[in-house]
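Following the hints, complete the assembly by docking chain B onto the known chain A.
Residue numbers (the working numbering), protein chains in the order written: chain A, 1 to 450; chain B, 451 to 900.
Just so you know, the hints here were simulated from the structure itself, not pulled from any lab data. These figures come from a predicted structure and were not determined experimentally. Be aware that a few hints might be false.
[To be verified] With the C-beta cut set under 10 Å, the calculated list includes, among others, these residues of chain A facing chain B: (1) A28; (2) Q60; (3) P140; (4) R216; (5) G219; (6) I220; (7) G316.
[To be verified] Computed footprint of chain B on chain A, listed as stretches where at least three residues anywhere in the stretch have a Cβ under 8 Å from a Cβ of chain B: (8) 32-43; (9) 288-301; (10) 354-367.
Every residue gets a Cβ at the ideal spot worked out from N, C-alpha and C, and that includes glycine.
Protein chains: 2
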Amino acid sequence: MSARAGIVVTGTEVLTGRVADRNGPWLAERLRELGVDQAHTIVVGDRPAEVREALGWLAQAGVDVIITSGGLGPTEDDLTAAVVAEFQGRPMALDEPLEGRIWTILEGLRARWPDLDEEAIRRSNRKQAMVPEGATVLEPVGTAPGLVVPPADGAVGPTVVVLPGPPRELRPMWSTAVETDAFRAATTGATTYRQHMLRMFGIPESEIAETLVRARDAGIDLDALEITTCLRRGEVEVVTRYEPPQQATYDAFEAIVRDRHAGTLFSDDGTSVDEQVAGLLRSSGLTIATAESCTGGLLAGRLTDLAGSSDYVRGGLVVYSDAAKVALAGVDPELIARVGAVSVEVAEALADGAIAALDADVGVGITGIAGPGGGTPDKPVGTVCFSVALRGGGEDGGGPARLTRRVVLPGGRFDVRDRSTTVAMHLVRRLLRGERDGGPGSGSEDRAET
Amino acid sequence: MSARAGIVVTGTEVLTGRVADRNGPWLAERLRELGVDQAHTIVVGDRPAEVREALGWLAQAGVDVIITSGGLGPTEDDLTAAVVAEFQGRPMALDEPLEGRIWTILEGLRARWPDLDEEAIRRSNRKQAMVPEGATVLEPVGTAPGLVVPPADGAVGPTVVVLPGPPRELRPMWSTAVETDAFRAATTGATTYRQHMLRMFGIPESEIAETLVRARDAGIDLDALEITTCLRRGEVEVVTRYEPPQQATYDAFEAIVRDRHAGTLFSDDGTSVDEQVAGLLRSSGLTIATAESCTGGLLAGRLTDLAGSSDYVRGGLVVYSDAAKVALAGVDPELIARVGAVSVEVAEALADGAIAALDADVGVGITGIAGPGGGTPDKPVGTVCFSVALRGGGEDGGGPARLTRRVVLPGGRFDVRDRSTTVAMHLVRRLLRGERDGGPGSGSEDRAET
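Chain A on its own, in the form it takes in the complex:
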């Protein structure tokens, strides 16, 4: 039997949505890698009674380890350490050497904030150095220590790992936590699972539902596989987790997916389209530039998310106004007047303009209507035109090779803009892998991509 864990994310700001929870998902992924089964993430406010209630539920569900995030800060509403101490039946006590080590950290901060009140800092210091007796202290990354707190001697129950809320403190501290004797003792018996992810672009999720039905009809024991499908940023992901003896079952399932979705399956090794585009640009030595209207810089932002992207990203143009399309990307104003700013022709001109303005090999042009206003019967909200061009890659040797698309994307302004960056990434990937539009005018067809 596999070790089981639950996660408790504390913080009224997370519960109420003012801050997105970046820790629960990240911890879930780490537990999965360790082969620890994770069934629940509970988000609670800063009220001690609710944190205690969540700990109680998870203990009642029989988990072996509970991980908490948040509530270790200097303010009075940060109470996780005390609540966990009480839950585990271990009194809080001041750890004086820890207090000294935190003070050293705080002195560094004081240099940066010279006006801060020394007494307030001393009080924060002392609060953060109070730890449950018998707990293993995880050294602070910021100013808050983490804790691994086993049940009181002789008691039975889950071990609680207490981590701070800021992801940049929690993440390194997690690595320390899993190496502690207390954590290892609580998670012995973890099974190692195998996991595979298949990513597809350009099909609806219901098509995967049908694939599952066909796999079952073909006699594959899907119950031996833990399959989840989801739609993310316009892509369909199929993730399968299974125990090693089920390898043949998984292989048979994957073969069916590959057969039915050959044209849309783009990743079978966990890589994202962003990583694939980066790899293709690196291996080909090509550079890229963008000219974006409705996405307003989000594609350039996404291309430069990856460290080292300065090796192949030349830059981009955000041409939100028509005047900017003309002045920066060299789009012919008569073309805009004739076919409209949202058109495949202008998308092509933008791609060419990005190449010319930034002296890049690959250009991406995006123009569309993100909404909520601006839609017409011909060009409803969500209409977005894309063109990706490769300098000198055309059949005749002279002009660029291209892929151009006009699509209507679902959702509101946020969705349309975000989804547009995904469509553009896939078009760049296809262009770099040698796909080309069929011939003159083929780019103007209306093809739904999502």
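Only chain B this time, still in chain A's reference frame:
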């Protein structure tokens, strides 16, 4: 006593972090507006046993209403409706008129995906039309209906509101759900709370901790106020919720915050800095343009997040390479050679270049080291230089008015880039409100903003 609610977010893709939960936080905010107290959000995978366990915990905690999101799709792992039916002791039955209405929706989708298997669609249709007996059906926004499911006749327990996972389906359906008799019956007795948010920029969270201590020392009954503080994208938010009779207590608390944080408090009405910048640009009739290096288009993307931003955003330059800084933003290559691309001088040249290239009134230049590589002892990772300029706004009438800053931002590549857009937004806000750098060279001081 206030009505109480819990939220159950289902979906292995959310539990494991492959998809961010956008529903839990949004629903929590809506409950808060209704005066319904919300203490827990539980995220579970797609396994029925775990969904049932979460429902049981919330019932045991005595909540009046449970809202679930997700698990209503066409795939076999979408089981929420059946689990809730069983939990409430209400058998599932086919709702034939509903089946017909869903079929009409599906026929519209088939036009878009002509190759889909009709039998698969029929099966999805029938599955999504199975509902618990006695439940109120919420009409589909996508293809899945929502449900309001009270406990079985004669039974005591929470009413369960079952909503689909995609936010653009869940959100409109929520408005319908709260108008149903079943929902109203479950939440009678909800108290109306008042809520205020104060936002500050440029102080550490520990300073707020000290403010709370002083407020308590001044005799303010903080226990009568529900105060939460959090750090979000470099800003500190203080949100206070209280019952109407505590208005005077709140007013006294707010006065102390205003007194201690006069220089950094920028919002007391819930507006974000993004909204304030948009409002200032609109009311002044000024246009804005960007020239971004390390943020790679994220600031332009953020400026264009708001609908209608084309009224004042001219566009931007993403000048990731030095060649692009020279070619597009007109930065003197000798300047880059002399002081380095990451310098206040280049930030100023970028701001001026944005104004010139896009014929804008306000220009923003950003150049920095987002990491993980590229840091030096003089310019460590996180060093970012900003300049915002207003054309013709200088004292001498000719040159631009400016605010220029060099800061060292904490965190990894994501944090540095994201935080940089916040710093830039605040500098634009201050410039538009008339703040100016003190004199020649004052912009080059090293001033920590976060």
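Hint check:
1. Residue-level restraint check for A:A28 holds (minimum Cβ-Cβ distance to chain B is 5 Å; threshold 10 Å).
2. The interface hint given for A:Q60 is met, as the beta carbon of that residue sits about 8 Å from the closest beta carbon of chain B, less than 10 Å.
3. The interface hint given for A:P140 is broken, as the beta carbon of that residue sits about 14 Å from the closest beta carbon of chain B, more than 10 Å.
4. Against a cut-off of 10 Å between C-beta atoms, the interface hint on A:R216 holds, since the closest Cβ of chain B lies about 8 Å away.
5. The criterion of a C-beta within 10 Å of any C-beta in chain B is not met by A:G219, whose closest approach is roughly 16 Å, and the hint is violated.
6. Against a cut-off of 10 Å between C-beta atoms, the interface hint on A:I220 is violated, since the closest Cβ of chain B lies about 13 Å away.
7. A hinted interface residue such as A:G316 counts as satisfied when its beta carbon comes closer than 10 Å to some beta carbon of chain B; here the least separation is about 4 Å, so the hint holds.
8. Evaluation of the coverage hint for the region 32-43 of chain A: fulfilled, as 7 residues show C-beta separations to chain B shorter than 8 Å, against a requirement of three.
9. Coverage of the region 288-301 of chain A by chain B holds. Counting CB-CB distances below 8 Å, 9 residues qualify, and the rule asks for three or more.
10. Under a criterion of three residues with beta carbons nearer than 8 Å to beta carbons of chain B, the stated coverage of the region 354-367 of chain A is upheld, 3 such residues being counted.
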